[in-house]
Each structure stands twice: as C-alpha cells, then as structure tokens.
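Please build the complete structure, drawing on both the sequences and the hints.
Those protein sequences? They're chains E and V, same order as listed. To convert a position in the first sequence, counted from 1, into my numbering, add 996. To convert a position in the second sequence, counted from 1, into my numbering, add 687.
Quick caveat, the hints were computed from the structure, so don't treat them as lab data. On a predicted model such as this, the values are computed, not experimentally measured, just so you know. Keep in mind that a hint or two might mislead.
[Stated by the list, open to error] Far from chain E by the CB rule (all over 10 angstroms, computed), these chain V residues:
1. LEU737
2. HIS745
3. LEU828
4. LEU1119
5. THR1163
[Stated by the list, open to error] No more than 25 angstroms apart at the CA atoms, straight line, and that leaves these computed lysine-lysine pairs for DSS-like:
6. E:LYS1273 with E:LYS1500
7. V:LYS1185 with V:LYS1013
8. V:LYS1218 with E:LYS1095
9. V:LYS725 with E:LYS1381
10. V:LYS722 with E:LYS1381
11. V:LYS863 with V:LYS809
12. V:LYS1046 with V:LYS1218
13. V:LYS725 with E:LYS1476
14. E:LYS1007 with E:LYS1273
15. V:LYS722 with E:LYS1476
16. V:LYS1013 with V:LYS866
17. V:LYS1108 with V:LYS948
18. V:LYS725 with V:LYS863
19. V:LYS1010 with V:LYS722
20. E:LYS1004 with E:LYS1171
Heads up, the beta-carbon is just placed ideally off N, CA and C, and yes, glycines get one too.
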Amino acid sequence: MEAAGNPKMLKAQLLWFLGIATTIKLLLIPSYHSTDFEVHRHWLAITNSLPLSQWYSDETSQWTLDYPPFFAYFERFLSVFARLVDLQIVDLHHGLNYKVNSAIYFQRISVIVSDLFLFYGVYRLTSNLASLKRNLVWVLVLWSPGLMIVDHMHFQYNGFLFGWLLLSISFLAQKRDLMGGFLFAVLLCFKHLFAVAAPVYFVYLLRHYCWGGLVRGFARLSVMGAVVVAVFAAAYGPFVYYGQIQQVIRRMFPFGRGLCHAYWAPNFWVFYIMLDKGIAFFLRKFGFNIPVPAASFTGGLVGDASPFSILPQITPVTTFIMVLLALSPCLIKAWRDPRPLMIARLVAYAYTCGFLFGWHVHEKASLHFVIPLAVVAVESLEDAKHYFLLSVVSCYSMFPLLYEAQEYPIKVLLLLLHSILMWFCFSAQFSNNIATKVTLQADKKASQSLLKQKASQSEQKGSSRTAAEKGGFVLGWVAKSYVFGILVVEIWGQFLHPYLLGDKFPFVPLMLISVYCALGISYSWIWQLEQILLLSF
Amino acid sequence: MKKKRELEKVRRLQDEVNAENDDNEDDPWWWLVQKGIKPSFICISVFALLVRVAVGLHPYSGANTPPKFGDYEAQRHWMEITINLPVKEWYRNSSVNDLSYWGLDYPPLTAYQSYIHGVFLKIFHPDSVALFTSRGHESYLGKLLMRWTVLSSDVLIFFPAVLYFVLVYHSIRSGKGRKSDVAWHIAMILLNPCLILIDHGHFQYNCISLGLTMAAVAAALAQKDLLASVLYCLALNHKQMSAYFAPAFFSYLLGKCLRHKNPLLEVVKLALMVIGTFAIVWWPYLHSKDAAFGVLSRLAPFERGIYEDYVANFWCTTSVLVKWKKLFTTQSLRTFSLAATILTCLPSMAQQMLAPSTKGFLYGLLNSSFSFYLFSFQVHEKSILLPLLPLSLLALEEPHSLLWLTHFAMFSMFPLLCRDKLVLAYIALYALFVLLYFAPGGPGGRCNSSKTLDQSHKAKTSIKFISSIAFHPLVTGILCLFSIILHVIYLTTHPPKKYPFLFEAVIMLLCFSQFILFTFYFNLKQWMLSKHLTSKDRQKKLI
Chain E
997 MEAAGNPKML
1007 KAQLLWFLGI
1017 ATTIKLLLIP
1027 SYHSTDFEVH
1037 RHWLAITNSL
1047 PLSQWYSDET
1057 SQWTLDYPPF
1067 FAYFERFLSV
1077 FARLVDLQIV
1087 DLHHGLNYKV
1097 NSAIYFQRIS
1107 VIVSDLFLFY
1117 GVYRLTSNLA
1127 SLKRNLVWVL
1137 VLWSPGLMIV
1147 DHMHFQYNGF
1157 LFGWLLLSIS
1167 FLAQKRDLMG
1177 GFLFAVLLCF
1187 KHLFAVAAPV
1197 YFVYLLRHYC
1207 WGGLVRGFAR
1217 LSVMGAVVVA
1227 VFAAAYGPFV
1237 YYGQIQQVIR
1247 RMFPFGRGLC
1257 HAYWAPNFWV
1267 FYIMLDKGIA
1277 FFLRKFGFNI
1287 PVPAASFTGG
1297 LVGDASPFSI
1307 LPQITPVTTF
1317 IMVLLALSPC
1327 LIKAWRDPRP
1337 LMIARLVAYA
1347 YTCGFLFGWH
1357 VHEKASLHFV
1367 IPLAVVAVES
1377 LEDAKHYFLL
1387 SVVSCYSMFP
1397 LLYEAQEYPI
1407 KVLLLLLHSI
1417 LMWFCFSAQF
1427 SNNIATKVTL
1437 QADKKASQSL
1447 LKQKASQSEQ
1457 KGSSRTAAEK
1467 GGFVLGWVAK
1477 SYVFGILVVE
1487 IWGQFLHPYL
1497 LGDKFPFVPL
1507 MLISVYCALG
1517 ISYSWIWQLE
1527 QILLLSF
Chain V
688 MKKKRELEKV
698 RRLQDEVNAE
708 NDDNEDDPWW
718 WLVQKGIKPS
728 FICISVFALL
738 VRVAVGLHPY
748 SGANTPPKFG
758 DYEAQRHWME
768 ITINLPVKEW
778 YRNSSVNDLS
788 YWGLDYPPLT
798 AYQSYIHGVF
808 LKIFHPDSVA
818 LFTSRGHESY
828 LGKLLMRWTV
838 LSSDVLIFFP
848 AVLYFVLVYH
858 SIRSGKGRKS
868 DVAWHIAMIL
878 LNPCLILIDH
888 GHFQYNCISL
898 GLTMAAVAAA
908 LAQKDLLASV
918 LYCLALNHKQ
928 MSAYFAPAFF
938 SYLLGKCLRH
948 KNPLLEVVKL
958 ALMVIGTFAI
968 VWWPYLHSKD
978 AAFGVLSRLA
988 PFERGIYEDY
998 VANFWCTTSV
1008 LVKWKKLFTT
1018 QSLRTFSLAA
1028 TILTCLPSMA
1038 QQMLAPSTKG
1048 FLYGLLNSSF
1058 SFYLFSFQVH
1068 EKSILLPLLP
1078 LSLLALEEPH
1088 SLLWLTHFAM
1098 FSMFPLLCRD
1108 KLVLAYIALY
1118 ALFVLLYFAP
1128 GGPGGRCNSS
1138 KTLDQSHKAK
1148 TSIKFISSIA
1158 FHPLVTGILC
1168 LFSIILHVIY
1178 LTTHPPKKYP
1188 FLFEAVIMLL
1198 CFSQFILFTF
1208 YFNLKQWMLS
1218 KHLTSKDRQK
1228 KLI
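Okay, structure coming up:
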C-alpha cells in the first residue's frame, strides 16, 4: 500500500518476487530438458555461423528454424554471448547435441535473464492496482508453475514472449493504442502462434483507435498501418531481399504435422477423436465392418487417408473456420463496445478459441490465456473461482511434459504450492472486510486520472458484489469434485494403472489426462464467452 | 486512583488494537497468515520442500570419485550393512563388515534409520544395497531413492518439529510484532541454506538430529521437561554431535528442577527418563560390556586429529601460529580441548542454573554449541549447523546476527561445497535466504540496525560497543565486499604453489574472527538477560 504512489518501491517489491522465482529457476538448471533445448542450441549455431540468407534453408539438423525472423534475430543476439562462453555451442556441425555444463548453464541463464521482459510487462500492467491485487497478480504470473515447467525445465522462451504480450495489453488498457498495436506486431514477428489474437486486435484497434470521422479515421488507420508494415518490413525485409521469403513461410507453417501433437493437447479434438472411436467401437460390436484407420492423428501429410473411422476428416481449413466461428461473438463485442479494460479478457478468449479448435496445438499453448487472465482474475469473485480451476487444470495438463521420476516431486509441489497460494490470496481478497476496505482506499488514492476512476467504479461494483455474496472464496461442489478428480486421474495414471494393468494400454493414462483436462478447458471457454457476452449487452 | 488506572488500561488496549489494525493494512503478507499459523506453515513448508527437491537435482558429495567416494557412499554403505547383517555385527569389524571402509561410527539410532531406509531402497532397487557388490553404487534411480529418504526424514521429523516450536514459541511471545512475523520466522528456520545444502546437496541426515533437538527445545519451552529430555536423548542417539547442546539442556533442566518444591524428585524423574531412553536405544548392545564398549569406541574417533581440513575453530585457526599437532600428543590435546570447551560453556550454564528462562535457554543453546564448535576435539566444517539452529530459533530476537552469521557459516563451508560441485546451489540458496530475510514488510527488511539494538534497553555499554563494531555499516560493508572477492578468487584462481591452502586459511581466519566475536557477544547478552529479568521481577514485586 505504501508503495501505491512510489514506483521505486513498487519495482523493488516486484523485483523481490522475481528474485525468489529466479533462485528457484537457478536451482532447476540441472533438471530434465526436452529436445527443445537442442532446438534452441541449434538455432544459436545456425544464426551465428550462417549468413542470413541461409537461415531458413539450412538442413544440418532436423531442428530447422521455424520461428519468425525476430526470434531468429534474438537467437543471433544471444549467440554473440554464447560464442564468448563456449565456441562449440555455436558450431553448426560439432555442436550437434552438445550438452556439457557450459551450454546448459548458458542457455538456462539466457531464459532466466530474458524473463526480465516478463517482469517489465507485469510491472506496467499492475502499477495502478491496489496493493493486495498487485501482489496477487505477481504471484500468479511471476510464480506461475506452468511457466516454470515449460520455460525452466522443459526449455523454451515463453516468459520473454509473454512479457511483450502483457506490455501490449498494458498499453491498450491505458488507451495508448498505437503503442499496443506496435508491440503486438513485434510479438507476431517473434512467434506467429500469437497470431490467433490478431483478429481481436484488428477489430479492436480499427474501432477504438481508427473509428470516428473520415479524415481523422483515415489518418489514424494509415499511421497504424504504417507502423505494422514497418515492423513486418524490419522482420521479413531482409528475407524478401534475399528471395527467401517463400522458404521462410514454408518453414513457419508446417501443416504436414497432424491434427494433434504427440501428446494430445486437452482441446475439442480430443472429444472428437473419442467420439469417433466410441462410435466405431459400438458399430463393430453390432456387426458392422469398420476398417481400422491406418493414419494417425499426430502425424501424416494432409490429404492422406483419414485417421477417423466414421466422422469426417478434419483439415487445417476446418480448424481455421472453427476458430474464426468461435471468435466471432468476441469480435462483434469488440466492435460494438471497445472498452480498454476488456482487452485482457478479449485477448485471452481469442487464445482459448485457438487452443480449443486449432490445428496441431501444443499443451503448452494453454499458457497463452492463463497468463493474461491472471489480471482478470483479481477483478471479481467469480473470475477468481474460474481462474483457480483453469490454472490448476492448465498446469496439470502440462504434467506429461516432465515424465521422468526425478522431476515428479517438483511438478507436483509446484502445482500444490500454486494452488495453496491462489487459495490464500483469493480468500484474502474476497472474503475479508479489510480486503475490500483496503482495496477501496487504495483505489480512491489512485483515482486521479479518468482511467483510474473507471477502474475504481468497476472496483466498487466488484466489492459490492462480493459483499452481497458473503460466502467468500469457496468453490462449489462441482468444482471441488472436479479438482479432486484430477487427483484420482493422477493416482490412476501413476500408480494404479501400472500396478493393475501392467504394460497393457500404455496410452490410457495420457489419454485420461487429455480428456479430463479438456473438460476443464472447455468449461473455461464457455465461461469466458459468457462473461464477454454478459458484459457487452 | 483505581478508576484512572483502569481507564488507562482500556486506552492502552484500544491503542494496541488500533496498532494491530494499522499493522494489518501495512502488512503485505497478511494474506499469508490470515488463516492462522498452521495453514501458513503448510504453505511455507511446501515451498521449502520444493527448494529441497530442487537442490537434490545437484550432485552429492563424492559423486564419481572412487575409491572412497563421500558421505553419500557412507550413508548408502550403512544401509547395505544394516539390512544384510544382524544387529550385533553392525559395529564389529569382520570379514563381512570392513570398518575401515566407511564403518558405522554414529550411534544406534542412525543405524536403525539406515536399516529402515535400506529396506525402502531394497524394495525399489535391490542392486543399490546388495552386500559387497553395491560398493560405490551410483545410478539414476539409486540417487533418486537416496534423495527421497532424506526428503522423507525432513518431512517426518524436521518439519513437524518446526511447527511444534513455532506454535509454542509464539504462544509464549504472543502480542509482540506483526502477525506475519511468524511466517517470516518459519521461513528463516525452514530455509536455512546451510542445512539444506548439507542434507540435500552434500548428503547427510542432519535434519533428523536437529529436528529432534528442536522438538526437545519446543517441549522444554512448553514446560514438558520429561518429553524434552526423551527427545533430546533421541537426538543424541542419532548423532553424537548433538552433545553440543548438552550443557544447555542440562543446566536449564537442572535450573528448573532446583526451583521446584522437591528438587531431588524432579532430578530423579529426568534421570530415569534419560536412562530409560538410552536403554531402549542401546538394547541390542547391552547384553555384554564388550559389545557396549565396542560401539562406544566407534563413536569417539579420538585417533583422528584435533581438527580436520580447515575448520574455522580455535585449534585450527591458532595452528597457523602454534603447531598444536606437533607440540602435543593427541592425549594431552584431548584434555586441553575438553577443558577449554567446559570453561567456555560454564558462564552460560551458570546463568541458566541460576535463572532458567525461555530466552536464556535459547541463548544457552547457542552459546554451548558455539563453545563446542570453537574449542572441542575433532570438529568438522559441517558442525556450524549446530550453532545455527538455535540462532535461527532466535531469529526474531537476533535478526542481524542471523543474517551475518549465516553468511559466514556458508562461507566457512564454501571450500567443502566447491569440492561437491554445489556452487550453483550455494549461490541460489544464499540469494534465496537473503531475499527472504529482506522480504518486503518482514522484520529483516523493516528494522534498521539501531532499532533492533534498542530493543534491549538495558543493554550495557559493552554490548552496545560490540554490536556497534560488529554492525557498523563500514565494517559490515568491508567484510561483505572482502568475502565476495574471496569467493570469486577462490573460484577463479589457483593458490601459489608454496601455500596450496592459502585461500582456505584466509577464509577460516575471517570466519573464525566473526564466530569468536559473536560467541562473546551472545554470552554477554545471555548474562544481561538475567539482570534485565531480575530487575523486572523486582519491579513486579514492588507493584
């Protein structure tokens, strides 16, 4: 609270939270890392030892560069330091599968340092919140178990990218649309998977920034367009110059991959596959002759034999249309009522749609909406309840990423700690009288600009709502039993299944996790949609 | 008159309540403690457990270094011996039990614990504890299972002991400070970097003996003296090093007995408890004199020198000037060290016998363990864990000393941990400890050095003098900088060939100077305590 008007204090406190997370990340350096580690090491080598024109055409290793150019530049920047640490890291041929301590330390620490972007994003996003809420968002984002698992154990640079996303959202929330749009364009040139939210950005910016008067609107549209074009030119320009652009695009969109990832991400297609299998099973029982499909869901080229026995085949175009359809209510809403405070919700919803209906989705992609929703979670009791469930499910769905025994206690403890912290924070925020008093006071103090006044208005609404629903932060019995079910699924998969069934049906535990988590994510999707629709009309 | 006084009382109460409310609003951690001590303890302990598991990913002592390996192999070997041989053979040299290869030299409770853990290992990975063939066994699963035995001991013994202590200590201390100070205190005890590094990195089971000691302390504070003596005897029977605390327990319990109506009866009760506990633990070896003495001789490694490696105690540090090992026989050194230890313990023991008190007891534990660390025979670098335990229990009284001495305790173990390749874990845990210490709104971040020192209003000038030297910003700054530079030098450069242990010696000198200074300071504090108390008592009597 004392830090409300003091950005220095605020930064110091936030740095403290980041520091605690950093020490844990440092301790996790020797833990298991996936092939993504070698992927990124190889990219360091490609960008360092090859001229730009060959970056996307190199085939020394199967781990070809398939991220957009800014990420390649980022790797190129890192490789300057990697050279200093150990020349072999950036050696295109001798560096293959190079896994000595120097490489591990360098790459792990580069992830840890790049999390400073996340730090800044969170700082900007939360600097106007009341103290308790701020602490809460910090706990949810900086200590996110999902990021810990994916970035600091499995190995990726998501924290860095989410930093850009949160920055962009924070600028939009402050009505600085041009900056927000610029940052999002930059983000797209880092990782194109973030493009799922592009329609939302497009509609929102068109309506909120460009709409109003023909001259003014057109001027703004051209400014925004120029900014976006400039960003894309900076990213792709050199490759256009070298005549590599087609190769770049081909690498970035490998539609040759299957509908699902090796481990099915918990999305809509899990139900689709299960339904197909179920119908086929029953029809076979009733004597129909259903051929067993030869193709698998996880691989195979488009146009090959359908992996489904009964239901129609799914193509990338189908998933694209599905995502757009699911997005449409949110787009309409963004058009009718483009409110800056809603932007985090809209973006998160877009990523949820992309996750549920997208093509070849990774389980890690659930972070795309869990992280931005952290800011929404502190707004009302209902949001908090939803977030608690979603966050637990999302983290649990990432458990299969770490399948070795050594990391088992770590992932369980991470999830456990996260749930306990969420439970404490949310109950403090929503069940105590002092809480509302504190937040109200803080908001009064903070309400100097128009924007902040609006924030406190919604605050008062929120607190009156919580006061009405006296119960505080208590999960309903459905939610409780769902969370308990996670425990059952885990115990079955880890202990009972190998004990009772041995090596039979080895795919069942993973499938159970997918199906069970898909239920939770679908619930979250419907809930988010409902919130957006309710708030719009 | 009476009415006035009552009115004043009411006003004071109101003020207190208001102050508490204000505190709540300023306190950034109240959400953590709002549900009470136990839930926040669970939260912090899950975090502490996560840290421990993460440290367990790092190498252990003696990994890949045949033929002797390190402490990890010692513990594994004990499991191998205990599950494959009958109880009577455990401490006896024979064709199946070569005592020169990591022979069992801890008291029977350690042997039983090794047996239990050995059974656990045997179920999941029989190769790792097979007789003879498993020597120097190293495998992914073996390491994992061994790590899990330490984790489970920690969770089953150390963590509950911390909870017990915190509940007792804060019920005594209630009303002082913020609510979230309790959480800070728990974090300071649970996340002590030295203990985590030695147990979960280097590989030992200090958490068991220290946990039992802490439970004994808590029981003593809760006035359950019999329970305390039993728990302390168990600690002693797990690791003979727990004897570092013996003078404090002895004098505090004796001091309390003397204040009873019937002192002799109380003493006899305690003695019976102690004898009974020892008898149960030593039962398999009590059938003959030889067996019992055989075990005893294993526990007292007098044939080893007065010190090992470069430990920051009196004998090792002064050996730079006086070559103790050359001048005297081991026999006479033993007498010297015994005399020195007892002499330095005496003031604190006398204080507790004369005026046993909660705070005095904790200071007594600190003082006696420091005396042992500094002056006793055969001290190891790792023994610094023992003085650190009571110091962390006193975290709210002595926040600065805790930070300062933890720093030097870590530093004194740095050469050892470097050999174990635990530098990364060392840095991370040290940073974590400092961050937790300076948690926003926590006691460490809140108080300036002047404020804590003012707490002891009646502090004599001598204490003030020492603390003003020890905590003078200039002095602390220079020492801090110096130790950081030493860390870097130790890691990056080779010592001159003429003095291969130059850096170790410098580290030892630096740490010793701080340890001896603080031993003096804590002894003085303990004595000031009784003066402060008696004057308070007198005031009470006057009222």
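Hint check:
no., hint, in the structure
1, LEU737, "4 angstroms, violated"
2, HIS745, "6 angstroms, violated"
3, LEU828, "7 angstroms, violated"
4, LEU1119, "4 angstroms, violated"
5, THR1163, "20 angstroms, holds"
6, E:LYS1273 with E:LYS1500, "18 angstroms, holds"
7, V:LYS1185 with V:LYS1013, "20 angstroms, holds"
8, V:LYS1218 with E:LYS1095, "63 angstroms, violated"
9, V:LYS725 with E:LYS1381, "24 angstroms, holds"
10, V:LYS722 with E:LYS1381, "19 angstroms, holds"
11, V:LYS863 with V:LYS809, "50 angstroms, violated"
12, V:LYS1046 with V:LYS1218, "13 angstroms, holds"
13, V:LYS725 with E:LYS1476, "22 angstroms, holds"
14, E:LYS1007 with E:LYS1273, "53 angstroms, violated"
15, V:LYS722 with E:LYS1476, "20 angstroms, holds"
16, V:LYS1013 with V:LYS866, "56 angstroms, violated"
17, V:LYS1108 with V:LYS948, "57 angstroms, violated"
18, V:LYS725 with V:LYS863, "19 angstroms, holds"
19, V:LYS1010 with V:LYS722, "58 angstroms, violated"
20, E:LYS1004 with E:LYS1171, "24 angstroms, holds"
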